[in-house]
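Once you know that position 95 of the sequence shown is 95 in the working numbering, the rest is easy, because the numbers rise by one and skip nothing.
Please note: incorrect hints may appear among the correct ones.
To be verified - Quick list of simulated restraints, FRET-style, between CB atoms:
| id | residue 1 | residue 2 | range |
| --- | --- | --- | --- |
| 1 | Gly79 | Glu104 | 34 to 42 Å |
| 2 | Gly79 | Tyr127 | 15 to 23 Å |
| 3 | Asp11 | Gln89 | 30 to 38 Å |
| 4 | Arg22 | Ala102 | 22 to 30 Å |
| 5 | Thr27 | Thr72 | 28 to 36 Å |
| 6 | Ala94 | Leu52 | 28 to 36 Å |
| 7 | Gln59 | Asp18 | 18 to 26 Å |
| 8 | Glu58 | Thr78 | 26 to 34 Å |
Note that these hints are calculated values from the structure, not bench results.
Just so you know, even glycine gets a beta-carbon here, dropped at the ideal spot from N, CA and C.
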Amino acid sequence: MTTTQPQELLDLALAVVDAWNRVDLDTLRELVDENITVVHQNRGVAATGRDLMLETVEQMKAVFPDRSIGETTRWAATGNSIMRETTWQGTATADVPGFGQAGEFCKLNVLSIMSFENGRLTEWCDYG
Numbered sequence: 001m002t003t004t005q006p007q008e009l010l011d012l013a014l015a016v017v018d019a020w021n022r023v024d025l026d027t028l029r030e031l032v033d034e035n036i037t038v039v040h041q042n043r044g045v046a047a048t049g050r051d052l053m054l055e056t057v058e059q060m061k062a063v064f065p066d067r068s069i070g071e072t073t074r075w076a077a078t079g080n081s082i083m084r085e086t087t088w089q090g091t092a093t094a095d096v097p098g099f100g101q102a103g104e105f106c107k108l109n110v111l112s113i114m115s116f117e118n119g120r121l122t123e124w125c126d127y128g
């Protein structure tokens with residue numbers, strides 16, 4: 001396995017985030033490994049496998065129709081992982097434990113750790 005260059009990791013992470021923001025499931029399917037692990041450490045969200053991750057993306061869009069991941073404010077890379085500091089925001093249409101109440105605009109400062117192998121996202125772990 002070769003190590004991906006830091007700028008390449010950032011570009012891959014930004015491509016995943018862009019597809020997530022647009023709910024472009026076809027692009028996500030191309031960018032995400034079938035055995036991905038996704039965890040939001042202190043929000044009760046966890047999924048293993050691309051299909052379950054994509055279902056979670058659709059579910060979050062349904063309860064946070066305006067949700068988005070913001071610009072990268074700081075980042076660093078090590079090995080095949082990138083750490084991105086950003087914001088996650090959206091308005092809840094229903095009560096969502098760990099995120100917000102119906103009608104509430106939620107904004108979270110988030111640190112995302114995203115790991116890639118062969119150009120595909122294999123792990124996405126959020127803190128915040």
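Structure-based check of each hint:
1. Gly79 x Glu104: 34 to 42 Å: The hinted range 34 to 42 Å holds for Gly79 and Glu104, with Cβ atoms some 38 Å apart.
2. Gly79 x Tyr127: 15 to 23 Å: holds, 18 Å
3. Asp11 x Gln89: 30 to 38 Å: violated, 23 Å
4. Arg22 x Ala102: 22 to 30 Å: Since the Cβ atoms of Arg22 and Ala102 sit about 24 Å apart, the hinted range of 22 to 30 Å holds.
5. Thr27 x Thr72: 28 to 36 Å: Violated: the Cβ-Cβ distance is about 19 Å, outside 28 to 36 Å.
6. Ala94 x Leu52: 28 to 36 Å: Violated, since Ala94 and Leu52 (Cβ atoms, about 20 Å apart) do not stay within the stated range.
7. Gln59 x Asp18: 18 to 26 Å: Distance hint for Gln59, Asp18 holds at roughly 20 Å.
8. Glu58 x Thr78: 26 to 34 Å: holds, 32 Å
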